[in-house]
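Residue numbers (the working numbering), protein chains in the order written: chain G, 524 to 971; chain B, 10 to 171.
No lab work stands behind these hints: they were computed from the structure. Don't take every hint at face value.
What the hints assert, rightly or not - Capping the alpha-carbon separation at 27 Å, the derived lysine-lysine pairs in DSS-like fashion look like this:
hint : chain 1 : residue 1 : chain 2 : residue 2
1    : G       : 889       : B       : 99
2    : B       : 23        : G       : 730
3    : B       : 120       : G       : 672
4    : G       : 563       : G       : 730
5    : B       : 120       : G       : 889
6    : G       : 731       : G       : 719
7    : G       : 731       : B       : 23
8    : B       : 149       : G       : 889
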Amino acid sequence: MPEGPTFAQPDASALLLPFAGSRREIAEYEANGGYASLRKAVGMTSEQLVDEMIASNLRGRGGAGFPAGKKASFLAGGAERYLVINGDESEPGTFKDREIILRNPHMLIEGVLIYLWMIRGTAAYIYIRGEYAKEASILEGAIAQAREKGYLGSPLLGTDYVPQVYVHRGAGAYICGEETALLSSLNGERGQPTAKPPFPAVSGAFKKPTLLNNVETVATVPLIVEMGGASYAGVGTEQSTGTKMFSLSGHVRNPGNYEMPLSATYRDLIEGKGGGMPEGRTLKGFVPGGSSMPILMPNQLDTGLAFEAVVAAGSMAGSGGVIVVDDRTCMVRFALRTAEFYMHESCGKCTPCREGTRWITELLRKLEAGLGREEEIDLLLDICNRVEGNCLCVLGDACAMPVRSHINNFRSEFDEHVRLGRCPCPDDAPMTELYPPLMRAPLPLVTI
Amino acid sequence: MADLYTQIQDEIAKYPDRRSAILPALRHAQEHYGWLSPEALEAVADGLELSPAHCLAVASFYDMFFLQPVGDHVVEVCTNLSCALVGSDKVLRAFEQELGVVAPGTSADGKVTLRRVECLGGCGWGPVVSVDEDYQEHFKTEDIAPLISELRATPRPSESHA
């Protein structure tokens, strides 16, 4: 029988999940200090809480790394204001929010309640990706337990404020991780992004001012309230404070989620935690922050995990999904599998993304099938350049940036496919199939 | 099973705007009807007081809604990067051979629909296979035969993770 998920043992630097296994029951959570931060927060004003958040310099854990305290301070006033938690975790290579929910759901609920109190929100909606059925039911269970204990659905800890928290399940669409698409989806529309302004802080859920944060960001708030913002900011680097969950997958001995201080490096993660490459393999490259990010090379292993360090290395920290690639992997197939995903997930609203992701995928398929031409590699780069920065949301960039980096870093492999008229990789190389795109009707190979 | 109309009203109560209940309403309808048939979409539209066309427009956007009939069980194999690097292509191929179908497709006995899906969020524990919305991780090709015979002997699940 297949095993379930395997959770890594935390080390002494772990702050968010400093224990092995899971604590799903509220009694267990409370016995370990749970909901004490909520009590402390209720004794503080909204301004004090926002100030602690700003002092912590916590940067959003969903991908963009925007300072969470500053984001909270942007929220427009009004009688009705909402908190939405982004649990749509869909960036390939990322599975950290899922581990947080599986192991410590009450940490998220406590964070939600502190956030709600901070903004005196009308209600919170946890938008969780539809595929996370088990995780959604764990959250429903945690909410029911918290309700029974009087933390929500009734006046909060002697105040007259009544917090409400709901789980809202998605239904399978990567784009709903993008904030405006998520809000379209929550508002009952197709999950397509919308132009900003208006920003969610002014018009979001149900067209009301809305604060939207990632699961891990919200789950970190009880810790910040407990430690104090300034102490939290003492961990990590000056610009990237605290610890963060990193999802490690691909060709590595010990894949899994690891909580790392943001002062650590990719070497600490891949070689230290991950145990390095499997026997007999060497590192070809690693994607540092989910499949949408440019690949980094073996000589960049000492790059820091901090947001600013990854940018300086020419990529982005993104969601923290680290995909390790060994020497046997065909980078044309890797680029194709990447591009196919974004083509499938493009919402179709804006032209550069809808057309660009398709043409990138088609040209890569042709190349991998041995039918590519030399000039089509340059055409691919040209399309990537025309897509990037020209789309309504970042999905187009998410396809163009990694594909361009795969071509530029491994150009000789792409050229070799043209020269030989076939894929030069051995039969047992990873990714054995050249699938048709995930469309209802497979597309024919196109000739340009 | 509760009445679909009542289920939809219970979902509407969670939101300030009834339109927001469309995803849970569609999910309940799919559980009742097995797929989102025109009849199922009419029922959702009735419950939400929206047009069936709007319900279809929304349903067709999302991968988890079935606009065509599916088998009693749905098996989904992730073939995105992390799973592909650790052998998910072989798992999908082996499923296709066991079931005698090419994904996406349903076995001749109507019991199992096989689909290839994008990242399920189990990247470090791949290959990941979702069986009726229940993840099976570290999946190996030798797990296929016992799983399929179990599914062939099991009726359609009536409610997912209630």
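Hint check:
no., hint, in the structure
1, G:889 / B:99, "holds, 22 Å"
2, B:23 / G:730, "holds, 16 Å"
3, B:120 / G:672, "violated, 44 Å"
4, G:563 / G:730, "violated, 32 Å"
5, B:120 / G:889, "violated, 36 Å"
6, G:731 / G:719, "holds, 15 Å"
7, G:731 / B:23, "holds, 16 Å"
8, B:149 / G:889, "violated, 30 Å"
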